[in-house]
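Trainee: Make a model of the complete structure from these sequences and hints.
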Amino acid sequence: MPSIRLALVALMLLALPARADKVTGFTLDNGMEVVVIEDHRAPVVVHMVWYRVGAADEPPGKSGIAHFLEHLMFKGTENVGPGEFSRIVEANGGSDNAFTSWDQTAYFQRVAADRLGLMMSLEADRMTNLTLADEDVQTERNVILEERNQRTDNDPSALFSEQRRAAQYLNHPYGIPVIGWRQEMEGLTKADALKFYKTYYAPNDAVLIVAGDVDPDEVRALAEEHYGAIEPSADLQPRARPQEPPQLAERRLTYTDPRVAQPALVRSYLAPERDPGAQKKAAALTYLAELLGGSGANSVLGDKLEYETRTALYTSAYYYGTSLDDTTFTLALVPAEGVSLEEAEAALDKALAEFMRDGVDQQLFDSLKTQLRASEIYARDNIQGLARRYGRALTSGLTVADVQAWPEVLQSITPQDVMAAAHEVLNREHAVTGYLERPAAEPAEVTQ
Amino acid sequence: MIRFVASLALAVIVALPARAAVEIQDVTSPGGIGAWLVEDHEIPFVALEIRFKGGASLDAPGKRGATNLMTALLEEGAADMESRAFARARDALAASFRFDVGRDALSVSAKMLTENRDQAVELLRQALLEPRFDQEAIERVRGQVISNIQSDAKDPDAIASETFFRLAFGDAPYGSSIDGTEESVQALTRDDLLDAYRGVIARDRLYVAAVGDITAEELGALMDRLFDGLPAQGAPMPGPAEYRLGGGTTLVPFDTPQAVALFGQEGMDRDDPDFFAAYVMNEILGGSGFGARLMEEVRVKRGLTYGVYSYLYPMDHAALMMGRVASANARVAEAISVIRDEWARMEEAGVTEEELDKAKTYLTGAYPLRFDGNGPIARILVGMQMEGLTPDYIVTRNDKINAVSVEDIRRVAKDLLQPERLHFVVVGRPEGLDSTN
Numbered sequence: 001m002p003s004i005r006l007a008l009v010a011l012m013l014l015a016l017p018a019r020a021d022k023v024t025g026f027t028l029d030n031g032m033e034v035v036v037i038e039d040h041r042a043p044v045v046v047h048m049v050w051y052r053v054g055a056a057d058e059p060p061g062k063s064g065i066a067h068f069l070e071h072l073m074f075k076g077t078e079n080v081g082p083g084e085f086s087r088i089v090e091a092n093g094g095s096d097n098a099f100t101s102w103d104q105t106a107y108f109q110r111v112a113a114d115r116l117g118l119m120m121s122l123e124a125d126r127m128t129n130l131t132l133a134d135e136d137v138q139t140e141r142n143v144i145l146e147e148r149n150q151r152t153d154n155d156p157s158a159l160f161s162e163q164r165r166a167a168q169y170l171n172h173p174y175g176i177p178v179i180g181w182r183q184e185m186e187g188l189t190k191a192d193a194l195k196f197y198k199t200y201y202a203p204n205d206a207v208l209i210v211a212g213d214v215d216p217d218e219v220r221a222l223a224e225e226h227y228g229a230i231e232p233s234a235d236l237q238p239r240a241r242p243q244e245p246p247q248l249a250e251r252r253l254t255y256t257d258p259r260v261a262q263p264a265l266v267r268s269y270l271a272p273e274r275d276p277g278a279q280k281k282a283a284a285l286t287y288l289a290e291l292l293g294g295s296g297a298n299s300v301l302g303d304k305l306e307y308e309t310r311t312a313l314y315t316s317a318y319y320y321g322t323s324l325d326d327t328t329f330t331l332a333l334v335p336a337e338g339v340s341l342e343e344a345e346a347a348l349d350k351a352l353a354e355f356m357r358d359g360v361d362q363q364l365f366d367s368l369k370t371q372l373r374a375s376e377i378y379a380r381d382n383i384q385g386l387a388r389r390y391g392r393a394l395t396s397g398l399t400v401a402d403v404q405a406w407p408e409v410l411q412s413i414t415p416q417d418v419m420a421a422a423h424e425v426l427n428r429e430h431a432v433t434g435y436l437e438r439p440a441a442e443p444a445e446v447t448q
Numbered sequence: 449m450i451r452f453v454a455s456l457a458l459a460v461i462v463a464l465p466a467r468a469a470v471e472i473q474d475v476t477s478p479g480g481i482g483a484w485l486v487e488d489h490e491i492p493f494v495a496l497e498i499r500f501k502g503g504a505s506l507d508a509p510g511k512r513g514a515t516n517l518m519t520a521l522l523e524e525g526a527a528d529m530e531s532r533a534f535a536r537a538r539d540a541l542a543a544s545f546r547f548d549v550g551r552d553a554l555s556v557s558a559k560m561l562t563e564n565r566d567q568a569v570e571l572l573r574q575a576l577l578e579p580r581f582d583q584e585a586i587e588r589v590r591g592q593v594i595s596n597i598q599s600d601a602k603d604p605d606a607i608a609s610e611t612f613f614r615l616a617f618g619d620a621p622y623g624s625s626i627d628g629t630e631e632s633v634q635a636l637t638r639d640d641l642l643d644a645y646r647g648v649i650a651r652d653r654l655y656v657a658a659v660g661d662i663t664a665e666e667l668g669a670l671m672d673r674l675f676d677g678l679p680a681q682g683a684p685m686p687g688p689a690e691y692r693l694g695g696g697t698t699l700v701p702f703d704t705p706q707a708v709a710l711f712g713q714e715g716m717d718r719d720d721p722d723f724f725a726a727y728v729m730n731e732i733l734g735g736s737g738f739g740a741r742l743m744e745e746v747r748v749k750r751g752l753t754y755g756v757y758s759y760l761y762p763m764d765h766a767a768l769m770m771g772r773v774a775s776a777n778a779r780v781a782e783a784i785s786v787i788r789d790e791w792a793r794m795e796e797a798g799v800t801e802e803e804l805d806k807a808k809t810y811l812t813g814a815y816p817l818r819f820d821g822n823g824p825i826a827r828i829l830v831g832m833q834m835e836g837l838t839p840d841y842i843v844t845r846n847d848k849i850n851a852v853s854v855e856d857i858r859r860v861a862k863d864l865l866q867p868e869r870l871h872f873v874v875v876g877r878p879e880g881l882d883s884t885n
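Chains as they are written, first to last, in this note's numbering: chain A, 1 to 448; chain B, 449 to 885.
Calculated directly from the structure, the hints in this document are not laboratory data.
Among these hints, one or two may not hold up.
Said to hold, decoys possible - No farther apart than 30 Å at their CA atoms in a straight line, the calculated lysine-lysine pairs in the DSBU-like style are these:
id	chain 1	residue 1	chain 2	residue 2
1	B	749	A	62
2	B	749	A	195
3	A	280	A	350
4	A	280	A	62
5	B	749	A	198
6	A	22	A	281
7	A	190	B	749
8	B	862	B	749
9	B	749	B	808
10	A	350	A	281
11	A	22	A	369
12	B	862	B	848
Claimed, not checked - Pair ranges (Cβ atoms, derived):
id	chain 1	residue 1	chain 2	residue 2	range
13	A	129	B	665	31 to 41 Å
14	B	843	A	379	26 to 36 Å
15	A	440	B	629	17 to 27 Å
Quick reminder that beta carbons are idealized off the backbone N, C-alpha and C, glycines included.
Mentor: Structure follows, in structure tokens:
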């Protein structure tokens, strides 16, 4: 028998026997959608408000305004002073943050579960009462320019990605970076921010996600109390962004930067996204990405390029289907020492052609199916991750039912589905192939 | 609304927010291996955190990078499986193993489903105790490590870190990157990797924590299987590392629009009786919250950066207090000057009662939020063991934070902060800034 000492550390045990993925959804009278995810393992709650507006909804010439507004949302309301929002959250032992993407802008706090009402009162307040001082706007514009420096201008691979994306989308605003183009960021004003705010920040454009140690009925009562009285916006238009025309010509580009340490090849293909009630193609593409370049040692590109031919140091493939409009399917490769990008690309194309000819390896496919099923078990351990999953989906045109059906849709996929999706998407007419390179070596002045 | 919000905020400050709901069992296996366990049968998997103290600081002289390369090879083939066969076996079980190494420890983070735990444990045992170090895998992973080293040579943050630690610790293990240099990694042989393996993978430096769907009995049996044959003793730990960097500025010219500055001075050991006072003091000076002085002065008031912070960095053989800021080349000199002023102001005058109260409320409230999920809890538990803490630390930790007084911080700030010895390493093309040496 093992000798077990039970060093008892008695803490408040609030855990109730409930599944971590118990989800309840409802809508307030003013149109605000609410999703409650119960997890009673710890007395903690994640409170998120997601707006169905992002960088791809910005007016022309105002790139970065969605993200700039996200920063300015911390600069105070008629009731709460600049910076006070975060200070109140911290004074309650919580942490808060926000993020902006192409399809959504989200604000969230993690805090002890009994502080949920306070978080709602603060978030409801800044949904309608934002007030901005001119000097705060000026200073914060410098902050977002430094953020652009840090995220993009200081990182050649981020600049490379920005250029590739701009080439990928011929017409859709997904080609514009979320942080914004620098020259447009420099011109963003308080009036721009407030106009965007007044157009889009309203309960009927928002999704509330509450995840953690909460009861759905109590959340409903609190949500009605704090958010229920806010008037819906009458002028919200359907989200109709300019769509892509048929893409008929492959695009190729080379980005050269002396800060590049390791040349790389990235190719992205325009690809369909998850649509409400029609997620099968996206599920097949999820398999395709894993098959081609999921785990290095156990994937088609890894096997052929890293192990067999030694052409590449790294290979990967990725696809993220949760998107309102057309998304991308991407392959990336870092060539081995002494292999040029042209040679690496030829090897990549050869590997893809072999895959298209030979089809899916059944053993690898079965293993992926098991992993995708297991990932649902592991996902239940991360309540914030679950909350994000719902928030992102519901602001990308999907419903709670779509999110709940997704694991089953994944399990229903066959190798034939995967190959059909591969034939449709892996077409270079709608692809961008990019080389990331160092400048050619300077000719030496003295050669002896 | 402001009054409603404000009064509610005031009302709750006195009430202590939620406490972490964990019950730690101190388990000893029949074979005598200890572990801390939190049982939670709600989700059918277990997170296992394993640490071997010593880490990359056990690299033999002239063999920098050996432990790092060895660690990367643990998942590249074991027993009768070459690397791809090992990956296939792991993926078929949907198990996840992460091998990582730092200056002071090698870590293994594993997640295993209950339904096939025995098979997953056997696979992990083979990786840990029967690694192959095939020449084919060595060459392939060596190429990846060298690629990382080359990337670091062009990355402002990595250049700043490499420079700071070289200046601070010279030839001691802390003085260089754990990756090694291109030359040192190129020269490593299979025997060097086997030496590194024997140096660090041993029972006299082993720490284990498990959280999730497993009982104490099952964990005891699991550990005896997993560590069967683990050698008793590894390499001796390196001695204290002498900190040799004075005040000033070191400029590393690099063409990039935004300069990155890493700054630091000597810090405080984790077991110092004043550590909590220093920890709270740092939270007020350079913590992650928007209320912190550096964030307020450098970002909120002046818009000089997207982020600035400082932190205590106690390691096993030395202790630092460090920070980072990044600003456009034209503005970084001003950011540095503001940071130097704040460092001196804290050293001179400490904090106010109001600042201290806010920091305490935040730190004590945020603590239980760290315990969110099996993996994070397992990492906290193994970290506590390595620091020599007892399980009841979790309930007493907030009391220690609350016991810190304004006077404690004034005294500790005077002792610890040395504005004249604060050194900045700046990577970029900063305007109006020069090296001091």
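Trainee: Each hint should be assessed against the structure and marked as holding or not.
Mentor: Verification of the supplied hints:
1. With a CA separation close to 25 Å, the supplied pair residue 749 of chain B and residue 62 of chain A stays within the 30 Å bound.
2. This hinted pair checks out: residue 749 of chain B and residue 195 of chain A have alpha carbons roughly 25 Å apart, not beyond 30 Å.
3. Of the supplied pair hints, the one linking residue 280 of chain A and residue 350 of chain A holds, its CA atoms being roughly 28 Å apart against a limit of 30 Å.
4. For the hint pairing residue 280 of chain A with residue 62 of chain A, the CA-to-CA distance comes to about 36 Å; that exceeds 30 Å, so the pair is violated.
5. For the hint linking residue 749 of chain B to residue 198 of chain A, the alpha-carbon distance of about 26 Å falls within 30 Å, and the restraint holds.
6. Proposed proximity of residue 22 of chain A and residue 281 of chain A is supported: the alpha carbons are some 27 Å apart, at most 30 Å.
7. A distance of roughly 17 Å separates the Cα atoms of residue 190 of chain A and residue 749 of chain B; the hinted pair therefore holds under the 30 Å criterion.
8. Between residue 862 of chain B and residue 749 of chain B, the direct Cα distance comes to roughly 26 Å. Compliance with the 30 Å bound is thereby established for this hinted pair.
9. Between the alpha carbons of residue 749 of chain B and residue 808 of chain B the distance comes to roughly 24 Å, so the proposed pair stays at or under 30 Å and holds.
10. At most 30 Å may separate the alpha-carbon atoms for a hinted pair to count; residue 350 of chain A and residue 281 of chain A meet this at roughly 25 Å.
11. Taking the CA atoms of residue 22 of chain A and residue 369 of chain A, the gap is near 23 Å; set against the 30 Å cutoff, the hint holds.
12. Distance restraint check for residue 862 of chain B and residue 848 of chain B: the Cα-Cα separation of roughly 20 Å lies within the 30 Å cut-off, and the hinted pair is therefore satisfied.
13. Remark: the range hint 31 to 41 Å for residue 129 of chain A to residue 665 of chain B is contradicted by a beta-carbon distance near 58 Å.
14. Our hint of 26 to 36 Å for residue 843 of chain B and residue 379 of chain A holds, since their Cβ atoms are close to 30 Å apart.
15. Between residue 440 of chain A and residue 629 of chain B the beta carbon distance is about 26 Å. The supplied range of 17 to 27 Å therefore holds.
Checked against the numbered hints given earlier, this structure breaks hints 4, 13; the rest are met.
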